[in-house]
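Protein sequences appear in the order of chains X and H. The first sequence begins at 1 in this note's numbering and counts up one residue at a time. The second sequence begins at 1 in this note's numbering and counts up one residue at a time.
Hints are all accurate, no fakes.
Partner residues are not named here, just some residues of chain H that face chain X (Cβ under 7 Å, in silico): (1) R23; (2) T121; (3) R122.
Straight-line alpha carbon distances no greater than 27 Å define the calculated DSS-like cross-link-like pairs of lysine-lysine that follow: (4) X:K56 with H:K311; (5) X:K137 with H:K112; (6) X:K221 with X:K22; (7) H:K198 with X:K56; (8) X:K137 with H:K311; (9) H:K198 with H:K311; (10) X:K22 with X:K67; (11) X:K137 with H:K198; (12) H:K311 with X:K22; (13) X:K56 with X:K67; (14) X:K56 with X:K22; (15) X:K56 with H:K112; (16) X:K137 with X:K171; (17) H:K311 with H:K112; (18) X:K67 with H:K311; (19) H:K112 with H:K198; (20) X:K221 with X:K171.
Read the hints as simulated data drawn from the structure, not as lab findings. A virtual CB, placed ideally from N, CA and C, is assigned to each residue, including glycine.
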Amino acid sequence: MNTYVVETRQLTKRYGDHAAVKNLSLSVERGEVFGFLGHNGAGKTTTIHMLTTLLKPTSGTALVCGKSVTDQSLEARRHIGYVPENVRLYDTMTARANLLFFARLSGVENPDRRIDETLDFLECRDLAPRLVGSFSKGLRQRIGLAQAILHRPDVLFLDEPTSGLDPMGIKTLRDLIVRLNREFGTTIFMNTHLISEISRTCTSIGVLNQGELVFRDTIEKVTERYGSESSLEELYLSVTPVQAKGAA
Amino acid sequence: MGNTAANAPIRLLISQSLATIARERTVALLALLFLVLVVVAAYLGWSATSTVNAIYLRSVDYMTAQGQTIPSNPVLDTSPLALLRNMATYVSLIGALAAIVVGHQLIASDRKAGTMPLLATRPMRGIDLGIAKAVALVIAIAALVTFAAVINTATFLALPEFRLDGAGWSKLAVFYGMSGLYLLVFGFLGMWFGAAAKSETVGLLIPVTVWLTLTFVLPQITSNINPVAALNPVSALADAPASAFFQVTGWALGPFSLAEAYRVISAQLLDFMPPTYVDRVAIPAAASLLIAAAGVGAIATRAVARMDMTKGDYDA
Ligand SMILES: Nc1ncnc2c1ncn2[C@@H]1O[C@H](COP(=O)(O)OP(=O)(O)OP(=O)(O)O)[C@@H](O)[C@H]1O
Ligand SMILES: [Mg+2]
Numbered sequence: 001m002n003t004y005v006v007e008t009r010q011l012t013k014r015y016g017d018h019a020a021v022k023n024l025s026l027s028v029e030r031g032e033v034f035g036f037l038g039h040n041g042a043g044k045t046t047t048i049h050m051l052t053t054l055l056k057p058t059s060g061t062a063l064v065c066g067k068s069v070t071d072q073s074l075e076a077r078r079h080i081g082y083v084p085e086n087v088r089l090y091d092t093m094t095a096r097a098n099l100l101f102f103a104r105l106s107g108v109e110n111p112d113r114r115i116d117e118t119l120d121f122l123e124c125r126d127l128a129p130r131l132v133g134s135f136s137k138g139l140r141q142r143i144g145l146a147q148a149i150l151h152r153p154d155v156l157f158l159d160e161p162t163s164g165l166d167p168m169g170i171k172t173l174r175d176l177i178v179r180l181n182r183e184f185g186t187t188i189f190m191n192t193h194l195i196s197e198i199s200r201t202c203t204s205i206g207v208l209n210q211g212e213l214v215f216r217d218t219i220e221k222v223t224e225r226y227g228s229e230s231s232l233e234e235l236y237l238s239v240t241p242v243q244a245k246g247a248a
Numbered sequence: 001m002g003n004t005a006a007n008a009p010i011r012l013l014i015s016q017s018l019a020t021i022a023r024e025r026t027v028a029l030l031a032l033l034f035l036v037l038v039v040v041a042a043y044l045g046w047s048a049t050s051t052v053n054a055i056y057l058r059s060v061d062y063m064t065a066q067g068q069t070i071p072s073n074p075v076l077d078t079s080p081l082a083l084l085r086n087m088a089t090y091v092s093l094i095g096a097l098a099a100i101v102v103g104h105q106l107i108a109s110d111r112k113a114g115t116m117p118l119l120a121t122r123p124m125r126g127i128d129l130g131i132a133k134a135v136a137l138v139i140a141i142a143a144l145v146t147f148a149a150v151i152n153t154a155t156f157l158a159l160p161e162f163r164l165d166g167a168g169w170s171k172l173a174v175f176y177g178m179s180g181l182y183l184l185v186f187g188f189l190g191m192w193f194g195a196a197a198k199s200e201t202v203g204l205l206i207p208v209t210v211w212l213t214l215t216f217v218l219p220q221i222t223s224n225i226n227p228v229a230a231l232n233p234v235s236a237l238a239d240a241p242a243s244a245f246f247q248v249t250g251w252a253l254g255p256f257s258l259a260e261a262y263r264v265i266s267a268q269l270l271d272f273m274p275p276t277y278v279d280r281v282a283i284p285a286a287a288s289l290l291i292a293a294a295g296v297g298a299i300a301t302r303a304v305a306r307m308d309m310t311k312g313d314y315d316a
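Taking the hints into account, I'd like the entire structure generated from these sequences.
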């Protein structure tokens, strides 16, 4: 069986004349924690949207667990967990009711037990009876993560998972991601701006610049070659020349 | 079809959708208003009839004492079904608005909740979501119409002067079916633009504009019925002037003039059709409604299936 969980060839998404993602050929192996870096507007979210079957590519192909995201999108979805940036659930329902709905939609058998197991894993069983609308951003992120792993996906896509979280929330989330990867063997595909996150969480990185992949390597090789975290930042800046316009 | 595993997500989406819109305040408010008006329509019909009947009975006593011949009871000269003619107006006004809001909220509630990306990454087809929402709408409208039917039936049973025969009951049943069909057209319009519009306001505004056009503008073009007359169940059926203009507009635009089609059907079924009424429309009114409901339903279902699922929320 193919060891690649994510495999794209010449993947391209155009909006009119503007190519948000250009000829992206990228592979992520089973078990990796892949960090996808890039400036604002680099095309990271667009890439995740295509990989999670939400957006049709303009051209090129993408496979998730060997299933085409366009021609076999239903099969691909069985392997996917997705936590959008600023994930939201039904505010007027309790955490448990939300999770029950999504577990059933994913075809999880014995959903109640699975929800308990998942909440225990995320150390937030106490949230179950509470209304999601009353949650802080950190708690919402936790339940957002829960809904994405209920069906024990092979690959979990996270779009800026730490955005808006306080330092404590960031640390908790980082630990959860690492545990998820170790205990369930879940492959992680994570968009981020934060270089500090990458070095602590990821096993490999890719850098996207204006829709093009400009760097791809394992963290091991990167640290071997560049040493400390500050040099990782230098590396990032060297491969992503700042454009005068739009780069905030 | 018939495959329960494949239908499971659809059933789940239907119950979730119905539970969510039941919690929406605008939906609850409009549905309540509609049902209150149904009760009012029933009460007005009942009270007017009882009053006329009471006066008649007293006159009978008086006239008998005077030794005069007794005229027939005027209450029995009109069809009991005509009591409900105000229903037709309430359905096409508040009922249609309620249907638009229900259809719209079936989509808007998920868009506002920001859960579309979570739904669309589940192993189900895009069309499953469309079908689920369409079925949820049919159930919601059926519930509304059934409630109205129960109230009206209770009114008939409470009026001992009236006996509906078998034909009467079946005409009443068909009237509710047609009312449901008419409301579905607007519900599907709400659903369609709830899915297709970029903002929530525009998504509501377009169906409401269509409703205004159908209810007040088209009848004026096709049959010279002014907006105030369009509110009156009987005068809305006045004859169009016998000019060539209205002959042509009535024939050509008539099939699209759904509010008129619904009123014609109501008048036929509830026995308040003026004897002078001449139908000039190219296709039968019931066919217009059926085609419209099926057509708009298909478009709305497709619009939901093809929505942009990447967006958690409406555009800021
Ligand atoms: N629906 C759309 N229509 C037109 N252009 C779009 C659309 N969605 C994204 N874009 C453009 O595509 C490019 C890539 O956007 P994308 O959201 O993928 O970037 P990103 O790397 O996720 O950025 P950020 O770090 O800000 O989240 C941007 O220039 C954006 O303006
Ligand atoms: Mg992004």
